[in-house]
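Student: Sequence:
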Amino acid sequence: MKLLLTAAGITNASIQDALVRLLGKPIAESDALCVPTAGYGHPMGSPAGAWRFISGHSRLPMCDLGWKSLGVLELTALPSIGAERWVPWVQEADVLLVNGGDALYLAHWMRQSGLADLLPSLSEKVWVGLSAGSMAMAPRIGDYFVEWTAPTGDDSALGVVDFSIFPMWIT
600 MKLLLTAAGI TNASIQDALV RLLGKPIAES DALCVPTAGY GHPMGSPAGA WRFISGHSRL
660 PMCDLGWKSL GVLELTALPS IGAERWVPWV QEADVLLVNG GDALYLAHWM RQSGLADLLP
720 SLSEKVWVGL SAGSMAMAPR IGDYFVEWTA PTGDDSALGV VDFSIFPMWI T
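Numbered by the working numbering, the letters in the sequence shown go through residues 600 to 770 in order.
Derived from the structure by calculation, the hints contain no laboratory data. You may find that some hints are simply not true.
Claimed, not checked - Pairs of lysine-lysine residues, derived as BS3-like cross-links and limited to a Cα-Cα distance of at most 25 angstroms, are as follows:
| no. | residue 1 | residue 2 |
| --- | --- | --- |
| 1 | Lys-624 | Lys-667 |
| 2 | Lys-624 | Lys-724 |
| 3 | Lys-724 | Lys-667 |
| 4 | Lys-601 | Lys-724 |
| 5 | Lys-601 | Lys-667 |
| 6 | Lys-601 | Lys-624 |
Said to hold, decoys possible - Label pairs and their calculated CB-CB ranges:
| no. | residue 1 | residue 2 | range |
| --- | --- | --- | --- |
| 7 | Lys-624 | Ser-645 | 32 to 38 angstroms |
| 8 | Gly-713 | Glu-746 | 20 to 26 angstroms |
| 9 | Met-643 | Asp-761 | 18 to 24 angstroms |
Small disclaimer: the values here were computed from a predicted structure and weren't measured. Just so you know, even glycine gets a beta-carbon here, dropped at the ideal spot from N, CA and C.
With the hints as constraints, model all of the structure from the sequences given.
Tutor: In C-alpha cells form, the structure reads like this:
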C-alpha cells in the first residue's frame, strides 16, 4: 500500500502533486472510496461531519478533488454484508480517502471489518489519511489522543508504519 499521511487532507499543490505521483495517473481518471468511520468514534463527530467529508463540504479537501468516481466505504457496515461483496470494491478502487476523527475507533473497525487484514495485499492502492486516518497506521497513538476506549484498553493502532504521528494544522 502506498501511504499519503496528512494532518488536514490535500491542502496544497505539493500534497496534491504527491497524490498524483502515488496514483500514477490524474485524479480525474482515478476511482476513490471515502471512509468516514473515524468521525463517529470522536466526541466531536457527527452525521453532519460525515456528510461534509463525503460531499466535499469540509474545509479539509479530500473527496472534492474531481475523482472519476467516489464511493463510500463505511467500515462498521462491512461485517454484516460479507467480504465477498466489499473486498472487490476495495480492490477496484485506486485510492482510499480516510477521514479524521478517532484513530483507535478507526483501527478497531479496520480490524473488525477485515480491512486491516486486506491491506498487505493492496500494494498498488493509495491510502490518503486525514489526521486520525493517518494516525491509525502508527503502532500507537499516545495517551493525549485517546478519546474512545478500545476493547484492548490501550492505545495500540495498526502498526503499518513504525513511527507515530502527531497531526497539527493551523486554521
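Student: If a hint holds in the structure, say so; if it does not, say that too.
Tutor: Hint check:
Proximity of Lys-624 to Lys-667 is assessed by CA-CA distance (about 11 angstroms); at most 25 angstroms being required, the pair is judged to hold. A threshold of 25 angstroms between alpha carbons decides the hint, and for Lys-624 with Lys-724 the separation of about 12 angstroms falls inside it, so the pair holds. Of the pairs offered as hints, the one joining Lys-724 and Lys-667 holds, with about 16 angstroms between alpha carbons and a cut-off of 25 angstroms not exceeded. A C-alpha spacing of about 6 angstroms is found between Lys-601 and Lys-724, which places the hinted pair at or below 25 angstroms, so the restraint holds.
Restraint check: the Cα-Cα separation between Lys-601 and Lys-667 comes to about 19 angstroms, which is no more than 25 angstroms; the hinted pair holds. Of the supplied pair hints, the one linking Lys-601 and Lys-624 holds, its CA atoms being roughly 14 angstroms apart against a limit of 25 angstroms. At roughly 34 angstroms, the beta carbons of Lys-624 and Ser-645 sit within the given window of 32 to 38 angstroms. Taking 20 to 26 angstroms as the suggested C-beta distance range, the pair Gly-713 and Glu-746 conforms, at roughly 24 angstroms.
The beta-carbon spacing between Met-643 and Asp-761, approximately 29 angstroms, falls outside the hinted interval of 18 to 24 angstroms.
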